[in-house]
Amino acid sequence: MPVNEVVYSWRTSQANRLEWEYKLSLSGSNEIASKVSFPDFDLQIMPYASLPSWVVSKYWVNQTFVVPEGRDYISSEGIYEWSTTEGVIADITKSGEVIPDSIWIEKDCISGSGPCDLSNAFTSIAEGLRGEYKFDDISLTRLYVSPMDARLHLQGAQAGLFNLGSDRQLRLHNLDGGAYLDGWTLEQASPDPAQPGQPLEGLYRLGERYLHFGGGRVRLFSAQSPESLFETLPPSDAPTWQAFRQKMAGVQPKDPAHLAAWLDGLESEIMQLSLSLAGVPAYQDGRYRFELFLGPGYQVSGRDELGLAGLPPGRYSVSYDGRSFRVEPLTPPRLSLSLTARPDDPLAPGRLYHLDLAATNRGLQASPDLQLVVRSECAGQGRELLRRPARLPADGRAAWSLTWQPPLGRQCWLSAALYDANEIALAQAVLDPPSTDLAAAGALPLLQASTQGYRALLAFILLLLIAGLAGLAYWRRARPEGLP
Amino acid sequence: MSQDQIERHDPSLPAGLLLLLGLGLLLGLYPLLRYGIWWGETDAATLMTTIIALLESGALAPAGHAYANGYAYPALVAWLAVFTGLPLGFLQLLGGSLLLVWVIVPAWLCYREFTRSRLAAGLSLLILLAQPEFIFPLLRGTHEKFTRGLMFLCLYLLLRSLRERHPPRLAMLLVSFYLCAYALVASNTFMATSFILAILLALGLLWLAARWFSHPGAFASPPVARFLYVTLSLFIISYVFILYLYPPAQNQLFILKSIWDRTALLLLEMEQVAANPYSAVNAGWISLPVYLLVSLANWLLLGFSLLLWLKQTLDGLLRRLPPARHTLILWAFYTAFAFLSLLSILVDVSGALAANLQHRIYPSFAMLAAPLLGAWLAETAFSAPARWRWLPAAAGVSLAVLMVLSLFKATAEPLLSNYWVFYTPAERRSLDWAERTLAGRSLWTGPFGRIRDAYVIHTNGRVLDVILDPYWRRNDTRDFLLSDMTLLHAMRLGDQMAIPGENLLTYDNGRAQIYHRRPLTPFQK
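As you go down the protein sequences, you meet chains Z and G in turn.
With the first letter of the first sequence counted as 1, position 349 gets the number 631 in this note's numbering; the numbers rise by one all the way through.
With the first letter of the second sequence counted as 1, position 324 gets the number 1158 in this note's numbering; the numbers rise by one all the way through.
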């Protein structure tokens, strides 16, 4: 299976210098059938002239989109940051600085050793650059301009990051996993790029509502505007480049550091609360869910769509299904884990064990990132049988299954646990099956399988013959001496 | 009993030899009855690739597929395949085990020369056929049955020529010897060079013995002079073969970095392996007592022959009684092979050489230990006093039992051994399906090579549409064959298998299943 990597950079200005405005990094598995002939040999490559249209017409597995915002990016080759296959460079000016482990994450994705979960590979980007990514999603590459920030985005992007400088960054979200970005969080960046920053302001589209927080207030707006101003394919030739250029000329990007201003003249405010929002809203099973902290003496103005009136101060979980809000006191994650044998296949020596694992979160707060680990412990020797990433949403559940063949003649027990990032088990389950003995392993089935039935008798007769013949040969030599 | 008496009491040649040939035939028949066509092992499967490449290319050393140690066996099987029209897999399985019988006559001739007694030769051969380490390689579709047979022939021709005074017959014996010696080198270069070293060591021992007994003219000089010529000639043949006639032999030699490693490979019947040879005892059998039981013939031969050798050596050292010339030659060869065995084990265990060498000289040692014991049995045990007359009978029964036990070891009896060589029709059906459906992909076939090897032989070594991937799973292998026997095998080995539930069960015939690892990314199929 071929693996292609494409880095496609372009600009809209006609300046006579190598300055780039947009970059797509694409990886996929597209056959290249065309050949370019040379006097002595042929190369199986795309002809140079048709390369842009080939790139635009193909489906790609992993895609990143990088835009220098308000800065010049001059290079002889294009924009280097946020490649999809060679390890992620966050800032080319810091030579060789590749985001740790990103090369392995990308290689695992391509080789199939692991899932294409590249979210941990794109955790930082150079100042003045905005990057967005979309992985594990075979699709054409399409771009759109959002009315919210009036900037060009990668359609279907799963997340993004905009480094505003001065340790501030704008984190881009796709809450509902749809075609358009629908959340922006302005953060004070953490010194550790892998850790989330301190939220300063946030704007999220929850279906028919916009939720904004910042300055000690939470505001709710209607959401009537479309999610994109226009959509386009990347330019692939002179006419499409001209069209793209003309469309972009009319777009005036909004200030990324003042999210509240984005809604001015666009949407109308419904209510305002003097309280704070904890975390980014999550979307699950058709419902948005976020946490509110109602401080002492909090105030509500406007139409109380949330129904907060009369609620005592405290932490609350708010869910919204597109029609109405529901507010409940927040309960922390309450995880439980079970490890059971399948009812129709009871544990029995000498058989495969078909095991089911089920994890449940009965809290109204989502679990942190977890690792499910199943281990066997046989005669003092431990072995990891299964490891899977897990994250349990509020009031959510997850299930796995495992078929396990135990070793012979050893007492084993199985343990399963959900570990957090500090390797602390938040939920555990143990199963102690009966040991498998030699009889259960089956000498007779083994004999039958290896002789296919009738030959067992013939082989036995042959063994007797061999022993007899060896004895006879020996006896013939010993006989003259008169053996008894 | 005198030597003459023994010769006089020896049964007639044809009947005795026919019995031994019949026994050899039954031994060769056993794996075919035990497993039918449903078995195979790695060396036979690997050599099939060489044989096919040889047939297709018409070259003795086909590029990329040459058998590094010599061309004789692949060339012989290729010839047999063309001559008989039989499928290669059939030849490797059926011929591989039944051709064991060809060793009987050269071994018997050799032992007769070593012991100068047909009675002792017959007994020696019976003892040898009860040695599992000797029988095991002879039952496989590899060069070793011919290599061992050629060693016996070379020894026979060499010893016989020492007695020959008639010039034309002597010339015939010498020509035959060098032809056999070349065939031996072409069969397995490294076993041949080890064999030559043993002759050189025997030469030195005979020279020392001649000095010690102060009787060089009577029995030692002719062997010493002849052995010197023979050793030099054989070294030249080997040198020319490795460096000029068959370049693939150099690859294996020069892949080793140190000169000591090369020397060991060349002279101590060692081979490159990836695993620790001594770990086989722990993992290879269901228990240590079972291993000791099926290996009992080895230990008995080792112990008894060592005692006899000690007695002969002490007799010579203390009493200065010169033994018969054939006895002294046998003593010298036994000493030489015992020394090489000891040396190979010492260097291997000590780790002085590369850790990927494995000694395999025991069968050569057994070839020389058997006549030592056989001659003693013929000379002493059968002439025991009346009250000890039950002893030879008991030895006969023991020999029969040992032969059966050894056969269990040599054929890796799955009830006792953890190294299985059989596969089942259900596994075969699943592989047939995989070939049709998983073309171009790789399929994991279990923690050992048993299924792959047997299937490769079963399909006559043709290039398979599916890539069979035994042992450790390749990174890009996404399909797994799990049969009831694979699970039973893993269970027996104390191993565990875990199949995550998200895998897809793509094939099931009741006793063998093929799982497909659920694609994690769009790059996978």
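You may find that some hints are simply not true.
Unchecked claim - If you want the footprint, here are the derived chain Z segments under chain G, 3+ residues with CB under 8 Å: (1) 498-506; (2) 671-685.
Stated by the list, open to error - Chain G regions said to be covered by chain Z (calculated; three or more residues, Cβ under 8 Å): (3) 905-918; (4) 1007-1015; (5) 1027-1039; (6) 1128-1135.
Unchecked claim - Derived Cβ-Cβ restraints for the label pairs, each shown as a range: (7) G:Gly1344 with Z:Glu359: 39 to 47 Å; (8) Z:Asp383 with G:Glu1336: 35 to 43 Å; (9) Z:Leu739 with G:Gly892: 27 to 35 Å; (10) G:Gly1335 with Z:Gly592: 31 to 39 Å; (11) Z:Glu509 with G:Glu1336: 30 to 38 Å; (12) Z:Asn704 with G:Arg1308: 32 to 40 Å; (13) Z:Leu739 with G:Pro1157: 29 to 37 Å; (14) G:Leu920 with Z:Gly396: 22 to 30 Å; (15) G:Phe924 with Z:Asp383: 47 to 55 Å; (16) G:Gly892 with Z:Ala520: 30 to 38 Å; (17) G:Glu1336 with Z:Val712: 17 to 25 Å; (18) G:Glu1336 with Z:Pro284: 21 to 29 Å; (19) Z:Leu739 with G:Leu1298: 29 to 37 Å; (20) Z:Asp419 with G:Gly1344: 21 to 29 Å.
These are calculated hints, taken from the structure and not from any lab test.
Glycine is no exception: its CB is placed at the ideal position from the N, C-alpha and C atoms.
Under a C-beta cut-off of less than 8 Å, do 3 or more residues of the segment 1007-1015 of chain G approach chain Z closely enough to confirm the stated coverage?
-> That given contact is violated, which follows from only 0 residues of the segment 1007-1015 of chain G lying within Cβ reach (below 8 Å) of chain Z.
Report holds or violated for chain Z covering the segment 1128-1135 of chain G, Cβ cut-off 8 Å, minimum 3 residues.
-> violated (count 0)
Confirm or reject the claim that Glu509 (chain Z) and Glu1336 (chain G) have a C-beta distance inside 30 to 38 Å.
-> holds, 34 Å
Return holds or violated for the Cβ distance of Leu739 (chain Z) and Pro1157 (chain G) against the range 29 to 37 Å.
-> violated, 50 Å
Measuring from beta carbon to beta carbon, are Leu739 (chain Z) and Gly892 (chain G) in 27 to 35 Å?
-> Check failed, 46 Å falls outside 27 to 35 Å.
If you check the beta carbons of Asn704 (chain Z) and Arg1308 (chain G), does the distance land in 32 to 40 Å?
-> The hinted range 32 to 40 Å holds for Asn704 (chain Z) and Arg1308 (chain G), with Cβ atoms some 35 Å apart.
Mind checking the hinted window 29 to 37 Å against the Cβ distance between Leu739 (chain Z) and Leu1298 (chain G)?
-> Roughly 34 Å apart at Cβ, these two residues keep to the hinted range, so it holds.
Lying within 47 to 55 Å: is that true of the beta-carbon distance Phe924 (chain G) to Asp383 (chain Z)?
-> Holds - the Cβ-Cβ distance for Phe924 (chain G) and Asp383 (chain Z), about 54 Å, lies within 47 to 55 Å.
Test coverage of the segment 1027-1039 of chain G by chain Z using CB-CB distances below 8 Å; three residues minimum.
-> violated (count 0)
Range hint compliance [Cβ, Leu920 (chain G) to Gly396 (chain Z), 22 to 30 Å] | violated, 49 Å
Do the beta carbons of Asp419 (chain Z) and Gly1344 (chain G) sit within 21 to 29 Å of each other?
-> violated, 39 Å
Assertion that chain G covers the segment 671-685 of chain Z - criterion: three or more residues, beta-carbon distance below 8 Å | holds (count 4)
In this structure, the hints that do not hold are numbers 1, 3, 4, 5, 6, 7, 8, 9, 10, 13, 14, 16 and 20, in rising order.
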